[in-house]
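Colleague: Same order as they appear, the protein sequences are chains A, B and C. In terms of numbering that gives the first Met the number 0, the first sequence has 329 at position 330, counting the first letter as 1, and numbering is strictly consecutive. In terms of numbering that gives the first Met the number 0, the second sequence has 343 at position 344, counting the first letter as 1, and numbering is strictly consecutive. In terms of numbering that gives the first Met the number 0, the third sequence has 138 at position 139, counting the first letter as 1, and numbering is strictly consecutive.
Source of the hints: derived by calculation from the structure; they are not laboratory data. Treat the hints with care, since some could be wrong.
[Unchecked claim] Listed below are several chain A residues computed to face chain B (Cβ distance under 8 Å; list not exhaustive):
# : residue
1 : PRO124
2 : LEU130
3 : ILE327
4 : VAL337
5 : VAL338
6 : SER342
[What the hints assert, rightly or not] Derived DSS-like pairs: lysine-lysine, alpha-carbon spacing no greater than 27 Å straight-line:
#  : chain 1 : residue 1 : chain 2 : residue 2
7  : C       : LYS27     : B       : LYS222
8  : B       : LYS222    : B       : LYS89
9  : B       : LYS250    : C       : LYS27
10 : C       : LYS105    : B       : LYS222
11 : B       : LYS219    : C       : LYS111
12 : C       : LYS74     : C       : LYS27
[Stated by the list, open to error] Reference listing, derived: stretches of chain B covered by chain C, where coverage requires no fewer than 3 residues with Cβ under 8 Å from a Cβ of chain C:
#  : segment
13 : 233-242
14 : 319-333
Glycine included, every Cβ here is placed at the ideal spot set by N, Cα and C.
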Amino acid sequence: MSKSSLSILARNWALFFVLILILIFSFTGINFFSLANFQNIFHLSTIYLLLSASETFVIITGGIDLSIGFVMGLSSVLSATIMRELHAANFPPALSISIGSIVALIVCIIPGFINGVLITKYRVPPFIATLGMGGIVNGITLVMCQGFPISFLPPHLTEIGNGYLIYILPGKATSFFNRPGGIAGEELKELIRIIPNSLMFNFVILFILWHILKNTKFGQHTYAIGGGMDAAVRSGINTNRHLIIIYALSTFLAGLAGVFNVFQTGTGNYTPFTSMYELIAIAGVVIGGASLMGGKGRIIGSVIGVSLMEVIENGLHLSGVDPFFRFIAVGLILIVAVVIDQSFPDLL
Amino acid sequence: MGNITTRKNDLQKFFLQLATRWAIIFLLLGAILFSIISPGFFSFNGIQVILINSPFILLLGLAETFVIITGGIDLSVGFIMGFASVISAKLIATFFGLGMNDLLSIIIGIVITLGIGMIPGFVNGILVARLKVPPFIATFSMLGITHGISELIIKGSYIKNLPALAGEIGNGSLINIAPGKTVSFFIKPLIQRGGQLIEILPTVFVIPFIFVIIFAFILKSTKFGQHTYAIGGNVDAAVRAGINVKTHIIKIYMLSSLFSTIAGILYALRYVTGKADAGTAFLLDGIVAVVIGGASLYGGIGSVWKTVIGCLIILVLENGLRMLGFPTYYKYIVVGVVLIFAVLVDQFFPELVHKEG
Amino acid sequence: MEYLLEVKNLTKKFGGLVAVNNVSMEVKKGEVVGLLGDNGAGKSTLIKMISGVYRPDDGKIFFEGKEVIIDSPIKALSINIETLYQDLALAENLNVYSNIFLGREKLKKILKFINVLDHDYMHKESKKVLDRLEMEIPSLRNRISVLSGGQRQAVAISRSIYWDAKLLIMDEPTAALGVAEQKKVLDLIRLLRSQGLGIIIISHQLYDVFSVADRLVILRRGEKVGERNIKETNPDEIVSLIVGAEKVAM
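Chain A extracted, bound-state conformation (with noise of 0.2 Å):
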């Protein structure tokens, strides 16, 4: 093999491998291949994405944020709370819903602008910092909702959250948005659902970062952090507020995977301490070619990490495999992903 088609390879390994292994789950997995089970495996794996896409910017940085996990939490006992609150006044359930989310979004900036501070004039390695906020985040949760997930929402929350953009009851019926009216027991089993509102959204936002990433100046400069911190504040780039802002958003972006949180699954919920949500993210991060020292990454990379962990999750449970067995696939594939990160290390 040429020397340039082994780097593309080696570059894209993680995108081959998960197309291989959609191929083998194909004839091993029930209903693997369909269209309902592809869209299922991108609903589930929002939360996921959004929190990878923050880890992107941060570990791009040569930092890392632990709280992310537990922000979501925050986020998601918050803006329920919210929510119930406004509802049980008798706010209409669009205003209840509305407010309840802005307000979520807007606190979940404080953690990652107080990590971002740490960071940065306090010197508190990322590690720490984030450690330690992610667990005043989770107890503040906890506090909250006293170890209760958050009930009696507005209505209408998992419509959006679970809707679709199409449904098809082929041969009768087409709507938008939402079901067709008027069907029940046996038709809804005909039922084809086309393009998932989470899967628009999650297209809109992880858009709408590829672009900062790649496009803008803002982009640029955190690459540059992370080539060199030394030569990025030389060329004149305020690292640190660049740092603060970086971890902000990365907190936001946690918020923003708690309120889908809360429209997916109709409560609001605090973040297990046992989740690993952080871990998992940064392993979508890496697997998909960052490298923790900095300097490198992509958000499709990191999509196709995490694709790939959603992919290898899905595809043993259809395929009857114990699912644990994918603790143990993610481990060694995380671990062969370093490994090919080292052997090519030029690749960008």
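Given the structure of chain A, go ahead and fit chains B and C onto it with the hints provided.
Modeller: Relative to the frame of chain A, chains B and C by itself:
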């Protein structure tokens, strides 16, 4: 020359010395505060309660101490602990079920688990030292792999049927005194119903404590310890001084894995079962304890006793909050604040870092 | 007269890049050889082959008349080749005497079978060698990180001296030092030379090199382009050898 200046310098020096020891002071203040607010904190029983919860954090903290001093990190300790609890429980139950004597099945089960438990550490070491995988990723992968294997072994149900002896050892104390009658070690003596029994030093605390003492000594006074610090301080210097850095790093991760395994075995004995997520609660506590105690994540600085203080701070805070009636959630907030505070102190007093090691 | 060190036809490649190409040189006992060349000329790579960090792809090394294979830093240290790297290779978090004894710590037995670091011995011995070099360091128990550049250099040099270096390789010993400290280091080099050590010194400071070296070896792009006795040359000629003007002039 003037008296005033020298006195001021002495005062400054005194406060500086005090500041170095901030962790200990914090610990003492916290302990005193809590014991004032809720009497019974420092009581015999109160301390025993803290001690009973300490073994796991102490062992995982011990594990992380060595790894972090070399500039690495081990995220897998919690799940190796779960892995070990599962394996040891399963082995003991199996041997017992096959008719082996209860003491023997426990001993053999433990020995085999100790051996198997070092394998994840060995793999971690190879990944970090030879394949140059960043410790974060390597140990995170191992976390996943051991988690997966543990769950596969359990297959969703509980591990049962361990001999009763296991639970007795796990929940027993080193010294048991039935006043006026007998004294026995490790296992409760037979006493009449309603008879009095004084238990001193829970076994599950004694064992980590012994390791703490041994390994504090090793880290401070042996070549192995010295080289551990050297690698953390300047890997290149260590290589050029002829230290076999790769082998040393592998040993360090195996040591970490060993401590986690012991924690898992103690868990199995204490709760008479094995669970894959036995260690998840302590997953990051080990790292937090080490950092609060004063180690640097960049390596080269830290000590076993500092980690012990870090562990104690966490335990005192947890128990203090609990005794004051705060729901457990507040612990996360408080520990998070203390963690950040610990690192900030190191920044504001850089001389602390430069004091004699 | 037998050479202390003789390297013949040493070559080292990294992938497609030839860092050192067929270089031969000698060092006698009690002689200071200056190894000069521009960045990328191959000086560091050459000495790393002598100190065991790299293995030559081709060529031989003779030490005290016998051929040796130096396949690791320990091997070099064991035949008394000590190297002082540009970054000094000191552990910031360890104290002075620990750095001097790094990798070769002195142990003592307690309770008859446990081996423990002998701090007192190492402290005493380190003090002795630092006194010999007339270096002032307030407390040997301080971590290296509080010492000045010159003091660190002193510690690094003491380390080499203590272990009875026969051949001392110094990479940029005076860089990052103040004028007074530079003079001290140069005096030290002369002192060591008079004690019979062979010394190779890499330096960009031609003035320093000219004040201590007996002979100069010049590398350019991995090859030896010149060798001169100090008395028979001058800085201008050396500079032109380094940058290659002489060849152009030809």
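Colleague: Each hint: holds or not?
Modeller: Hints, verified against the model:
{"no.": "1", "hint": "PRO124", "in the structure": "holds, 5 Å"}
{"no.": "2", "hint": "LEU130", "in the structure": "holds, 7 Å"}
{"no.": "3", "hint": "ILE327", "in the structure": "holds, 4 Å"}
{"no.": "4", "hint": "VAL337", "in the structure": "holds, 5 Å"}
{"no.": "5", "hint": "VAL338", "in the structure": "holds, 6 Å"}
{"no.": "6", "hint": "SER342", "in the structure": "violated, 10 Å"}
{"no.": "7", "hint": "C:LYS27 with B:LYS222", "in the structure": "violated, 36 Å"}
{"no.": "8", "hint": "B:LYS222 with B:LYS89", "in the structure": "violated, 38 Å"}
{"no.": "9", "hint": "B:LYS250 with C:LYS27", "in the structure": "violated, 42 Å"}
{"no.": "10", "hint": "C:LYS105 with B:LYS222", "in the structure": "holds, 9 Å"}
{"no.": "11", "hint": "B:LYS219 with C:LYS111", "in the structure": "holds, 19 Å"}
{"no.": "12", "hint": "C:LYS74 with C:LYS27", "in the structure": "holds, 21 Å"}
{"no.": "13", "hint": "233-242", "in the structure": "holds (count 9)"}
{"no.": "14", "hint": "319-333", "in the structure": "violated (count 0)"}
The earlier numbered hints that this structure contradicts are 6, 7, 8, 9, 14.
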